[in-house]
Amino acid sequence: AQTVTQSQPEMSVQEAETVTLSCTYDTSESDYYLFWYKQPPSRQMILVIRQEAYKQQNATENRFSVNFQKAAKSFSLKISDSQLGDAAMYFCAYGPGGNNNDMRFGAGTRLTVKP
Amino acid sequence: DAGITQSPRHKVTETGTPVTLRCHQTENHRYMYWYRQDPGHGLRLIHYSYGVKDTDKGEVSDGYSVSRSKTEDFLLTLESATSSQTSVYFCAIRGQGAYNEQFFGPGTRLTVL
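Residue numbers (this note's numbering), protein chains in the order written: chain A, 1 to 115; chain B, 116 to 228.
Any given hint might turn out to be false.
Stated by the list, open to error - Taking lysine to any residue and the SDA-like style, the derived pairs with C-alpha atoms no more than 20 angstroms apart in a straight line are:
id, chain 1, residue 1, chain 2, residue 2
1, A, K70, B, Y214
2, B, K172, A, G97
3, A, K70, A, V13
Think of the hints as simulated: they come from the structure by calculation, not from any bench.
For reference, chain A alone in the conformation it holds in the complex:
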């Protein structure tokens, strides 16, 4: 089964600085998707950014961008110009292609933003 590993249980960043959250995954499939979800204290799971395995170009969404290294099976999230509202748990997720519904999540990284 596919696994997702987030090796940093906790990270902290100074407001306005840049932080990178790490994620690695294991799969033998060629067709898949990768996601980062944010979970603030409200508990709501919010989709931050997504990447299709076939696309070499790294996805970006405003201050959020990813570094997708397919050969290394690495999918890190970079948050630029960190804001207090970025403080949350961040989950990396692997989604199979086709109609396979077995999405796998990492254990999460808790990000603290210091003013």
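Please arrange chain B on chain A, whose structure you already have, making use of the hints.
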């Protein structure tokens, strides 16, 4: 907002009692999912549905059953709750886009004493 609601939002129950959690969606999505969230494990899939009366097991299905008699409602039942089922439960739907991304409800915190 994918139009997903969960009820109840909080529940405390005792070991051995049956519990049913409800997920309701308003946008006619075909695929619906139930996850549980526990510290150190992220989210793990319990069951999912790919249509009315069509369901399948996920990674951690033991002790849980589901039903989907209408497109908009997906029920998760704990036939006899145990303390190990204390968790936060999330319902999700699969979006209509090309990425198979999932969108989540607000979650239900269940405590089994």
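Hint-by-hint comparison with the structure:
1. A:K70 x B:Y214: The hint holds at about 17 angstroms.
2. B:K172 x A:G97: Holds: K172 of chain B and G97 of chain A sit about 18 angstroms apart, inside 20 angstroms.
3. A:K70 x A:V13: Violated: K70 of chain A and V13 of chain A sit about 27 angstroms apart, past 20 angstroms.
Of the hints listed earlier, the one the structure fails to meet is number 3.
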